[in-house]
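Undergrad: With these hints in hand, go ahead and build the complete structure from the sequences.
1 is the number of the first residue of the sequence shown in the UniProt record's numbering; add one for each residue after it.
A hint or two may mislead.
As the list claims (entries may be wrong) - Estimated spans, in silico, between C-beta atoms of each pair:
id: 1; residue 1: E124; residue 2: I255; range: 44 to 52 Å
id: 2; residue 1: R181; residue 2: A83; range: 39 to 47 Å
id: 3; residue 1: I114; residue 2: I93; range: 22 to 30 Å
id: 4; residue 1: K258; residue 2: S171; range: 52 to 60 Å
id: 5; residue 1: A99; residue 2: S171; range: 41 to 49 Å
id: 6; residue 1: E200; residue 2: S266; range: 19 to 27 Å
id: 7; residue 1: T82; residue 2: G38; range: 40 to 48 Å
id: 8; residue 1: E200; residue 2: E177; range: 36 to 44 Å
id: 9; residue 1: L23; residue 2: I255; range: 29 to 37 Å
id: 10; residue 1: T87; residue 2: V184; range: 19 to 27 Å
Hints are computed from structural coordinates only; laboratory data are not their basis.
Nothing here was measured: the structure is a model prediction, and the numbers come from that model.
Where is the CB? At the ideal position from N, CA and C, for every residue including glycine.
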Amino acid sequence: MADMQIDSSPVRTVNVTRYVTPLREGGSLPAIAEADDGFLYVLKFRGAGQGVKALIADLLGGELARALGLKVPEIVFANLDTAFGRTEPDEEIQDLLKASVGQNLALHYLSGSITYDPAVTVIEPKLASQIVWLDCLLTNVDRTARNTNMLVWNKELWLIDHGASLYFHHSWDNWAEQSLRPFVQVKDHVLLPQAAELDEVDAAYRAMLTEEKVRSIVELIPDEWLTASASDAIAADRREVYARFLTARIASSEIFVKEAQHARKSLI
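TA: Structure follows, in structure tokens:
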């Protein structure tokens with residue numbers, strides 16, 4: 001396999017050329033697909049489940065993780081042509097492809113990777129604390145023992161699938177209030193027992209995630225994703241909410257750090 005490009009900006013755009021196989025693990029029917037750059041990707045469809053909001057969460061979560069030095073497969077925008085999938089015999093998949101014409105999201109496929117198993121692979125306290133901190137920031141409910149959303153590849157831990165993050169954007173109503181809430185679901189985080197260095201990580205990560213850095217990542221969201229769910233929505237307004245939610249949450253990170261530490265004490 002060729003070396004992966006992991007530079008976070010700008011996000012490359014590829015054109016999907018071949019649907020290889022569905023990945024039945026997720027409810028949103030992601031797939032392995034080939035693009036016109038010759039690489040294989042795990043393709044996340046705008047026509048699935050939570051639609052473009054899951055793609056936005058995946059994009060922001062992945063690029064924030066990368067900005068913090070965590071390992072994430074390269075994220076690309078993946079264009080799906082109207083003609084794509086017409087020969088697909090599975091009606092459910094064909095409907096999904098038709099509903100996903102345009103700009104989708106894809107992650108570089110880590111061939112030969114294995115799902116992280118806490119019983120097999122021990123994660124050091126610093127890395128565990130970094131990932132727990134990130135997921136508390138993102139309000140990511142999907143990093144549990146049942147579904148770790150982490151892969152071991154080349155003896156390193158890689159983070160995938162942040163689509164279940166930022167759940168404030170499914171209602172928008174009280175995003176400012178939600179930005180200051182503790183993340184109570186951290187009690188189910190698969191790495192919480194090892195996360196013994198949350199205070200040290202908090203200080204380092206707050207310094208790294210400046211408002212300028214956060215806004216540069218939020219700027220990556222395509223306008224069409226920001227307006228897809230509401231015809232009267234203005235992309236700039238939605239983008240501003242994401243930036244303000246994240247910067248407020250970082251500024252008040254002691255709230256979610258204390259919640260995580262409290263939850264950890266009850267486990268160990």
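Undergrad: Indicate, hint by hint, whether the structure satisfies it.
TA: Each hint, compared with the structure:
In this structure the hint that E124 and I255 lie 44 to 52 Å apart at CB is violated, the actual value being about 26 Å. Taken as a hint, the range 39 to 47 Å holds for the pair R181 and A83, whose Cβ atoms sit roughly 45 Å apart. For I114 and I93, the hinted distance range of 22 to 30 Å is satisfied, since their beta carbons lie about 26 Å from each other. Checked against the hint of 52 to 60 Å, the C-beta distance between K258 and S171 comes to roughly 25 Å, which is inconsistent with it.
Our hint of 41 to 49 Å for A99 and S171 is violated, since their Cβ atoms are close to 23 Å apart. Distance hint check: the CB atoms of E200 and S266 are about 21 Å apart, consistent with the given range 19 to 27 Å. Checked against the hint of 40 to 48 Å, the pair T82 and G38 fails, with Cβ atoms roughly 23 Å apart. For E200 paired with E177, a C-beta distance near 29 Å fails the hint of 36 to 44 Å.
At about 35 Å, the CB distance of L23 to I255 agrees with the hint of 29 to 37 Å. For T87 paired with V184, a C-beta distance near 47 Å fails the hint of 19 to 27 Å.
In the structure shown, a violation is registered for the earlier hints numbered 1, 4, 5, 7, 8, 10, in ascending order.
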